[in-house]
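Novice: Numbering (this note's numbering), first residue to last: 1 to 454.
Because the hints were derived from the structure by calculation, they are not lab data.
Keep in mind the model is a prediction, meaning the values are calculated, not measured.
Yeah, the Cβ is synthetic: ideal placement off N, Cα and C, and Gly gets one too.
Please note that a few of the clues may not be correct.
[To be verified] Restraint-style ranges between C-beta atoms, simulated for each label pair:
1) Pro379 - Ala292: 38 to 46 Å
2) Glu289 - Thr96: 35 to 43 Å
3) Arg264 - Leu407: 28 to 36 Å
4) Leu227 - Arg389: 33 to 41 Å
5) Asp163 - Arg264: 37 to 45 Å
6) Arg389 - Thr415: 34 to 42 Å
7) Ala331 - Arg299: 19 to 27 Å
8) Leu407 - Pro294: 50 to 58 Å
9) Asp175 - Pro294: 15 to 23 Å
10) Glu141 - Ala393: 54 to 62 Å
11) Thr266 - Gln111: 17 to 25 Å
12) Ala164 - Arg122: 49 to 57 Å
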Amino acid sequence: MFPARPQGAPSARPRCRAAAWLLLAAIGVSAPAPTLADAGRTGTQDRPDADPAPGAQSGPRERGDALRVWLVTAGPGDAVWERYGHNALRVLDTRTGRDVSYNWGFFDFRQADFIARFLQGRMLYLMADLPTGLMIGQYREADREVVLQELDLTPAEKAMLRDAADENALPRNRDFVYQYFLDNCSTRVRDLLDRVLGGALRLAFEARPTGLSYRDHTRRLTQVDPLVYTGANLLLGTPTDRPISAWEELFLPLALRDRIRSVRITRDGEARPLVLREEVLASSTRPPEPEAPPAWLGRCLALGLVLGVLLGAAGTPRVRRSAPLRRSALALAAGWSLLAGGAGTLLVLLLATDHTFAWWNENLFLFNPLLLGLGALLPLSTRSETWRRRARALAVAVSVLGLAGLLWQIAPASTQRNAMFFALALPPHLGIAWSLLRRRAATAADGLVDAGTA
């Protein structure tokens, strides 16, 4: 959903809906973008190839007669933040030649309290008007498809849209608190179109079920990157799992592009398509976006079982008698526990923010701060029976909590679709606990260091 960056642009950066946005923060990914200085340059320069020349008119008969309006949709790009596509509203004044695209996808690192707002889920985004040719040129250079859909609006509706967008672009009005599913570049375009059409879009789509959820779309569009796919699904909580309507699905730019084709409006007593004409202004060699989320439960279960077996084997006599195997098992167990505990700590911290779609996250049964303590106790447990006893108690507590989560997961009360994480994380938790308990029951006559602590 990010426009591409003009050469030499400074660090103001656009962003529109990334279901994986929380993950992007965690891994430190940032997006290139047009600058706000570029965004302020409007006029006839750099206009798209398909633009008609400004008409030599003596003056429009009605306010808005000289305007033409398009929905502009860019397809996915290479980067994580570009995989959802992007959209904007283009308005061309055929009398003056002013050709701008209104874009709700910018943020600026120079904003006051930028980091604090970001972490709290109160990120300020802003809207800007861009020269259409500049914006589309960036997409073309990035091999991203650009589709223009001219809309059948009355002169009054066009004037209303242009005036509302110009008012929104003023410095006093351009900022808004970004919410990745509810208030982003696509929902802003959707809502403005719905407003000028008198609620026609909401009427057409609000009662139409899709059978998909916000999580389904996140999984569908991030599956090309296993790390991002896993991280996004880990951080998103139960609110993302309810089925959404076609209206809510329009948070996706490509969904808005596709669904608007079916909208019909009444003009002079006749129902006509809202989209007058459509053209692909820039083609792309990229494959089409996936239509369905992947089924990775089997992969997660296989990986989880491998980890569980390796960690459980640490309690066997053969591993305990081998210093290299013992140290490797200890490092694997401690590393897993610290990684899982760090993720769990992040999940807890998110509960105190406005990242509402990360709330009530049942992954806390598996990933929680207790694992940080276990990760610290495992190396210490090689020193004395006291530390081993503490490590055993904490490992058992982690496993019991995970098993309780599994029971909750299969109960009717659970609505979160996170079976993949139980398949991935529960076997390692059980493996660590089992190895520690087995060492407790084994004899210590050989005086070897406890490999079961791994």
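Novice: What are the numbers of the hints that this structure violates, sorted from low to high?
Specialist: 3, 5, 8, 9, 11, 12
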